[in-house]
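J.: Chain residues, written in single-letter form:
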Amino acid sequence: MTDYQLSINTTVAISKPELNKLLDVLSGAGYKTIGPVAKNNSLVYEQIEDISDLPYGYETDQKAGRYRLYQNGGSEYFQATPGASTWKKYLTPPRTKLFGLVNVDNKWKEVPVSEIHPKYAFIGVRPCEIAAIKIQDTVLIREDYVDTLYKKIRDELIIIAVNCLHPADTCFCTSVGGSPEAEDGYDLRLTELDDLFLVNIGSQKGIDMVAQLEYAAANSHSLQIENEMMSEAKEKIKDVLKDYKQLPELLMNNLTHSAWEDVAAKCLSCGSCTSVCPTCFCWDVQDVTNLHGTETQRDKVWDSCFNPTFTAHAGGGCSRPTTTSRLRQRITHKFASWVEQHGGEGCVGCGRCIVWCPAKIDIREELNILQEAFK
Amino acid sequence: MTMSAVEDKMHVEENAMNPNWAVIKKIETETVDTSTLWLEFEDEEVRKDYKYSAGQFNMLYLPIYGESAISISSDPDQEGLIGHTIRFVGNVTRAVSRLNVGDRISVRGPFGTNWPVEESKGKDVIIFAGGIGLAPLRPAIYQIINNRKDYGKVTIVYGARCPSDLLYTGEYEEWRSHDIELMVTVDHADDTWDGLVGVVPMYFYRLRPNPENTVLWSCGPEIMMHFVLYEGLARKIPDNQIYLSYERNMKCGVGVCGHCQHGAYYICKDGPIFTYEQLEPYFNVEDL
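One line per chain: the protein sequences are G and S, in this order. Count along the first sequence starting at 1, add 135, and that's the number in the working numbering. Count along the second sequence starting at 1, add 451, and that's the number in the working numbering.
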C-alpha cells in the first residue's frame, strides 16, 4: 500500500508473521531487539531474533507470592504478562563500570571505560512499563544531573509497545493513574487481535519502520474489536487503591504510627520488591580490586533500601536498623516523597512487588490498611 | 580510535563520579584520631575554578579503599590549599590516616548547602559544635572574622568528650581576639583541665539571645543538636533561623544514588545544612 499516507497516530494492520519483518528491519538498522522469552518457568526480557522466540500460546497466573507460566494452547504472542524481568536491566544495567585505575610507578592512571552499549529496540513494552521508563527519565535526566550512559541508551531506544489485553490479578495501573492502553511514549504500539496486529504509529521512527512493512489500513471492524477488548481489560483491573492522591500527605503525617509495625510484620527485608520494581533506581558504588592492589575500578551496582548497609555509617551502625523503618522508607518513597522529589508518584501499578514477594505482601492491601489506620 | 571509543571517552569525561586528583601538601595532627589534610588540585584549571562555601563537603576517594564524605574546614575566602579535617573512624578514613605529604587523593565536590554566612550579616550568631562538628563550622567562623564588623554578638560553644579530643586548640586565642565569645567544655575532665565540664547544650543557659535577631548554627552528634535545638526554641529563636548540619551515608553527592534520603530530602543535595523549619516534619521520627 504505497498510496496510503502514514503519519503519527495512524493505525494500520499487519499480519502476525509480518512482525518478523519488523524485527529484521530493526536488526538491519543496527538495533539489538529485546523482547519477552519464556524461560525457566518465567518470562524474561532477552534478545529475540524471530517471533518464534516470543511466548506464543502462553499465559500466566499471578498472585501475591506466586507466578506461574503455562501453555494454554492459545494463539497469542503477548498474552502472558511480564515476570520479574524489567527493561531497567538494559537502561540502567545492574553493574556498570564508572572508571578503572591502574597503578603505574606508584601513580594511579585512569583506564578508559570500554564497555559498548548497543542500540536497543524493546519489543512488547507494556503501558505500565512505559510509565516506569518515563519516571526513570525524570530521575536520571534532570536539570542538575544527567546520567550520561542512561541518556545515551534512552536517546537511541526504540519502544514497540503492546496494549495489555489480559491484565493479571496483581495489576493495578488504573489505581495509580495508568491504563492498560498505551497512550504515548512509544514508536509503535501493537494490539494483538486473533489474526493480526493493529499497529499505532507514535513517532517518525515508527513511520519509517512501518513504511518497510506489508500493511493495510486498519478496518473499522478491527478497530471496534480493539476498543471493546481495551474496555474489557480496563474493567478487569480492579480499582483497588483508595484515595491515591491523598497518600503523600497521609503517609508523611503518620510516620510514627504503630500501623507501620503491623504492615512490616510479614516483611523479610529481602529486597525482592526493589529489584523487580521498574522504577527503583538506587545504586551503590563498589570498589573492585585485584589481589596485588595494582588495579582497581569503581562499579555502580543496583542497591536496595532493604540492605542493612544502605544507611551504614562510618564506624558502625546504620540509620534504618529495623525492617519496619526500611519498609516505611520504601512505601513513603514510592507513594509520597517521590512526588516532592520528582513531581509524580514512583509507582506504576505493575504488581511485580506483589508477585515476587516471598512473604506475599500485597502493597495494595497494605496501603489500604495504612489509610484506614491513619484516618 | 574507533567512534565508539570516542563516545566512551566522552562518557568518562562527563561522568560526575570520576576522580579529580589532588596532592596532599600538608598534614596537621589535631588529636589522636583526627588530622587536617591540606590539598591542592593537580590540574591548574580545576584549582582556579574551584570555589566552595562554608559548610559544604567533598567526596574524598582513595583507590582500593573507597570514598567518604568529608567537610571542608578551610577559609572559603582564601585561595590556596583546601583543608579537610578527618576523623579516622571508617575503612576509608583509616586508610587516609596512613597517607603522607605528597600522596594523591581524589576530590569530588563541593557538594551540599552552606551556612548562611552572607544572609546572617547584621545578626547575632550563636554556634554550637560538638567534636568533629567544629570542622564544617570553621570556614564560617573564618568568614565571620574576615568581616567581623558586619555581625553582632558572636558566641561559640564547643565541646568534646575529653580535653585531648578538642580540635583547633591553637586558634582559640585568635578567635577570641576578634570579639568572639568562645566557651569550651568537655564531657570528662582530667588533671590538665580547668575549664568548663558538661555537654554543650547545658551552656545555653549562659546566653541571653535576642531571638528575632539571632541565628543559631549547630553541628555535632544528632542528639547534641537536638538538645541545642530545644534550647534555641525555648528562647523563641524562629524555626527558620536555626540551622543544623545532618549526616547520612552518601555515595554520589548529587541526589541520585538514593542512600542519604531523609524524608523527601537528599541530605547530600538539599542538605547537609537545613533549617529547623525544613526538618520539622521529620523531627523525632525514629530510624527515618
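I should point out that these hints are in silico values taken from the structure, not numbers from a laboratory. C-beta atoms are modelled at their ideal positions from N, C-alpha and C, and glycine is treated no differently. There could be a bad hint or two in this list.
Each pair of labels, with its calculated beta carbon distance range [as the list claims (entries may be wrong)]:
#, chain 1, residue 1, chain 2, residue 2, range
1, S, Asn664, G, Pro229, 49 to 59 Å
2, G, Gly452, S, Thr643, 28 to 38 Å
3, S, Ala685, G, Gly479, 38 to 48 Å
4, S, Tyr656, G, Thr391, 29 to 39 Å
When the alpha-carbon atoms are kept at most 30 Å apart in a straight line, the in silico BS3-like pairs for lysine-lysine are as follows [unchecked claim]:
#, chain 1, residue 1, chain 2, residue 2
5, G, Lys244, S, Lys604
6, S, Lys499, G, Lys244
7, G, Lys242, S, Lys502
8, S, Lys476, G, Lys287
9, S, Lys720, G, Lys380
10, G, Lys244, S, Lys477
11, G, Lys287, G, Lys244
12, G, Lys242, S, Lys476
13, G, Lys244, S, Lys502
14, G, Lys286, S, Lys720
15, G, Lys224, S, Lys477
16, G, Lys269, S, Lys499
17, S, Lys502, G, Lys232
18, G, Lys269, G, Lys495
19, G, Lys232, G, Lys198
20, G, Lys242, S, Lys600
21, S, Lys477, G, Lys242
22, G, Lys232, S, Lys720
23, G, Lys286, S, Lys502
To be clear about the criterion: a stretch of chain S counts as covered by chain G if any three or more of its residues have a C-beta under 8 Å from a C-beta of chain G, and this derived list gives those stretches [stated by the list, open to error]:
#, stretch
24, 482-490
25, 516-530
26, 570-582
27, 644-650
J.: Are the Cα positions of S/Lys476 and G/Lys287 separated by 30 Å at most?
T.: violated, 39 Å
J.: Between G/Lys244 and S/Lys477, is the straight-line Cα distance small enough, at 30 Å or below?
T.: holds, 23 Å
J.: Under the criterion that the straight-line Cα-Cα distance not exceed 30 Å, is the pair G/Lys242, S/Lys600 satisfied?
T.: Roughly 47 Å between the alpha carbons, so the hint for G/Lys242 and S/Lys600 is violated.
J.: Keeping to a limit of 30 Å between CA atoms, is the pair of G/Lys244 and S/Lys604 held or broken?
T.: violated, 50 Å
J.: Need the status of pair G/Lys286, S/Lys720: alpha-carbon distance at most 30 Å?
T.: The hint holds at about 21 Å.
J.: So the hint says 29 to 39 Å: do the beta-carbon atoms of S/Tyr656 and G/Thr391 match that?
T.: holds, 30 Å
J.: Could you grab the alpha-carbon distance between G/Lys224 and S/Lys477 and see if it respects the 30 Å cut-off?
T.: Between G/Lys224 and S/Lys477 the Cα gap is close to 45 Å, so the pair fails against 30 Å, i.e. violated.
J.: Hey, G/Lys287 versus G/Lys244, does the alpha-carbon distance stay inside 30 Å?
T.: holds, 26 Å
J.: Just tell me: holds or violated, for the beta carbon distance of G/Gly452 and S/Thr643 against 28 to 38 Å?
T.: holds, 31 Å
J.: Quick check: the stretch 482-490 of chain S, covered by chain G? Criterion 3+ residues, Cβ under 8 Å.
T.: violated (count 0)
J.: Would the hint linking S/Lys499 and G/Lys244 be met if the CA-CA limit is 30 Å?
T.: holds, 23 Å
J.: Confirm or reject the coverage of the stretch 570-582 of chain S by chain G under the rule of 3 or more residues with a beta carbon closer than 8 Å to the chain's beta carbons.
T.: violated (count 0)
The structure fails hints 5, 8, 15, 16, 19, 20, 24, 26 and 27 (numbered hints given earlier, in ascending order).
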